[in-house]
Structure formats: C-alpha cells, structure tokens
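A.B. asks: If you want the building blocks of each chain, they are given just below.
Number of protein chains: 2
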Amino acid sequence: MTIALIPIPGLPLVRPGMDLPRLLGDAIEAARVGLKDGDLLVVCQKVVSKAEGAIVPLADVEPSPLARTIAAQGEGERDPRVIEVVLRQTKRIVRNDRGHLIVETVDGWVCANAGVDQSNGVDDVTVTLLPEDADRSAERIHSALQARTRMAIPVVISDSFGRPWREGLVDVAIGCAGLDPLSDLSDEGDLHGRPLRHTVLAVADQVAAAAGLVMRKGSGVAAVIVRGAQYRVGRGRARQLVRAAEFDLFR
Amino acid sequence: MTIALIPIPGLPLVRPGMDLPRLLGDAIEAARVGLKDGDLLVVCQKVVSKAEGAIVPLADVEPSPLARTIAAQGEGERDPRVIEVVLRQTKRIVRNDRGHLIVETVDGWVCANAGVDQSNGVDDVTVTLLPEDADRSAERIHSALQARTRMAIPVVISDSFGRPWREGLVDVAIGCAGLDPLSDLSDEGDLHGRPLRHTVLAVADQVAAAAGLVMRKGSGVAAVIVRGAQYRVGRGRARQLVRAAEFDLFR
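Just so you know, the protein sequences line up as chains A and B, in that order.
Quick note on numbering: the first sequence equals residues 101 to 351 in our numbering.
Quick note on numbering: the second sequence equals residues 101 to 351 in our numbering.
Each hint should be verified, as a subset may be incorrect.
One copy or two, either will do: identical chains are not told apart, so a pair holds if it fits within one copy or between any two.
[Stated by the list, open to error] Here are the computed lysine to any residue pairs in the SDA-like style, where the Cα-Cα straight-line distance is at most 25 angstroms: (1) Lys136 with Leu158; (2) Lys191 with Asp137; (3) Lys136 with Arg192; (4) Lys191 with Asp179; (5) Lys191 with Arg178.
Simulated from the structure, these hints should not be mistaken for lab results.
All chains, please: the whole structure from these sequences, using the hints.
C.D. replies: Laid out in structure tokens, this is it:
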C-alpha cells in the first residue's frame, strides 16, 4: 500500500499559551486533506515547546562557572547563558569537546545541547527547550483531535537528533500517543514462515524520519499526516525508545 | 508537497546471478506507477546481496576457536559457523556480550552480526552478507535504470540497523548513487533568514527509514519509489555517512 506524507501548512507562528491542539485541528481542516482512520500525525517539537512555553529568555540566565568554561572552549564564541540552559536540562554529560556538548537529558534522551535550540526561535534572546513531557504533549493533541474528529489519530512528536557512528541528523520520536512505538515482528514470520528473531522495529522513529522529509527546516511545515502506514494501536510512550544502559551493546 | 512511498511488488525470489537492475525495471513497469523526474528508488539490501551472490553456504565454513567460544556464550545456541562468517566480515568487535556481537564491518558500518542474516535466506543452510560494495551496487542499478528510462533516478540501498541509546531497528542507507546523502542546509537560513548552523540532514537515511515503513519484513516488498522528496542530485556515496571516530562525540 502506498504511504502518503502530507504536509499541513498554515500553522501561525506559535507563541506560549496558544492552544496548539486546536491550531493543529484548524490547520488540518484548512488543508482540506481531512483525517482518515489509520492516519498518524507527526508534530515538530519546536511548535510544541513554544506553545507550552518551554522557552527561556536568556536575559534571566546567570551562567555558572562550568557553563562559562565550556562556552570558552569552542572555536566560535558560544553564549555561556545558552550553555547554562543546556546544563540545567542535563542528567549526565556524555561528551564535552571543543565547545560541543552531547548530554543525557533529564528525560533520558542522548542528544546535542539537550535539545536546546536557538535557530527558528521567537527572537534572538530566547532559546527553546524540549517539551517537559513530550509523551504528555502528544497525548493532549491526540485527545483533542479525538474530541474534535471522533477518530483516534496517533500522534508522534519529532525532533532532529545526531547519532553515534553515522553522520548527519535524522528525525526521531521524542513523544507519542495512541500507538506502540516499538513493533515486535518476532511472531509474524518471514516469507518462508520462519519466525523473525529479534526483529523489533522502532516504528515511531521511522514515522518521524519519514515526516522529516516533508518537515524540512525553513519550510514552515510543522505538522505532517502519515497516511497508509502499518502500526499497532497502543498506549505506548516514546520513553520506551530509551534503551537501558545495561542492555545497550552499541555503546 | 506530499511525498508518496510507493511499493514495488512483483520481484521474483532473487537468486545469485540474476540481473537485479533488469528485474527492478520490469517490476516498476509492471507496477504501472511509472518513474518520474525527482523519484528515488530504495532497494532492500537482502535482494542486492542475493543477486550478487553475497551468500555463504554454512557447510563450507569451518568455525575458528574464537567463533566457537562466542557461539557458546549466549543463552540460546548460536551456530558457530554463522559467528565465523560474522567475524570474517569484521574489522573490529565493538561489543561481545551474552552471545551478541556488535561489530564494525570491513566497510566501516557498526551493526549487529556484521549485517549477516539468516532470516529470509534462500534456505536454512546459507546466510547472506552485506553487498561487497553497496555504493557500487546502487550505481549499477542507477545506471541500468538510466539506460532504460533516460531518467537519472537516485538509488538508495537500505538495511535495518540497531542503534546506540535507542531501542528498536530503523532502516538506514548502506549504499547510494545519484544523490548527496548528506544535505547541508547551513546556508539556506531559517524562517527569519538567519543561517541554520550545523544543520546537516542525513537525507539518504531519512529516505531509507521512510521506505522501511513500506518494506516491512514479511511483506515481500523489496523496492520502494519515493516520490516528491527534496534532495540534492550528486555523486555522493553512502560511505560518507560513516562518521570518523575522532569526530564522533556521541560515542
């Protein structure tokens, strides 16, 4: 079955306190593509963070000595206040080299700068954080869409992360609602009827990556409908995608 | 713009020596979706490996003492001959724990079992390897399609890999031809016209992940047309996606 990745344009510039689920519903209606049973909705982290007020005005930030030290390490000058915001979102510093910070966030995500972002910000003196609980954010959008449309449309909140071993960013799921983010195919068997061992697909991440092809930075598209994809309906959370250190053979 | 992920069914069971580029061309014709300028073609590694004879009959394999030791470690019994095949594809053992092997392949990919696969095999006594040079394999398909259709359709060869930090497999590019696998958006600017720093997307990996939603194991679909995606035409190779250890802050 052909899968369609349908951009939903027409979201206004999102500001703190705005009702994002309603804005998304309006934008989907305005896009005249409707919603169909089986559709998924992928929403860019940035608009979720903005709507939830996960924004820090840099003027309010007093950088710690550690933040000042790290900011001074890089070749380019980094704003020590931004580093301070990153450190406040950090549970563990994975790597700190030449001004770059790879950290484990308070939520367990391993990413650059704890997902703190300056580009596409509301203005030059604020940064956005990851949503406080992106699974809950996804659940809120999922419920609001269900109330509005009477359809249970799974929601994935995506962000672009770097990765070990491989160059370049890919979009991954940091929040989800209404689906099982990990699809265990072990019992489905292959073409010859043999069981597929250890075949657990990160469906939510694949969906996020697919939507990322549409939701390119600078495009102004912050939401994408994925139509026709196979997934399992469920009450899964994106946190299930965080691999426990003791089982992480890839590190 | 809406992106379509179009399955190309109808490939026969591929055996060594078969002309895969021709079979793909035939299957695309039979699918009656045509090819359009701007389309990409994603092909599953498994059919590429089979067509190229990247297959090892286990009867011919004499396991080394190291392979026997590793095979005996796991909870389940692993075939020491399979481990031996894995080790022969290996440049470095990243992790060897409870019978699991994460390695760096001779090509620089970090993955489980060096990409050696028993499921979906031709039969129970052979395993498939990764293609010897998947960039060259992609180039061959790209050229054959160009000769046949007069269109330069970029080709991505995909495989499902596990990853550090995150649970579940995602599809990634292990070979490509006709496109730039890494799209550097640094000079495009954001909505406010500010430059987007350090924004290099792994477009080939996003395309592979998107196609992976269609090319589910057990579906029998080994090729997908991606229609409507943005990418840069180029002579890039998937090996550019291998991050040099000294720049890999995520490890």
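A.B. asks: Against the structure, test the hints numbered earlier, and report the numbers of the ones violated in rising order.
C.D. replies: 1, 2, 3
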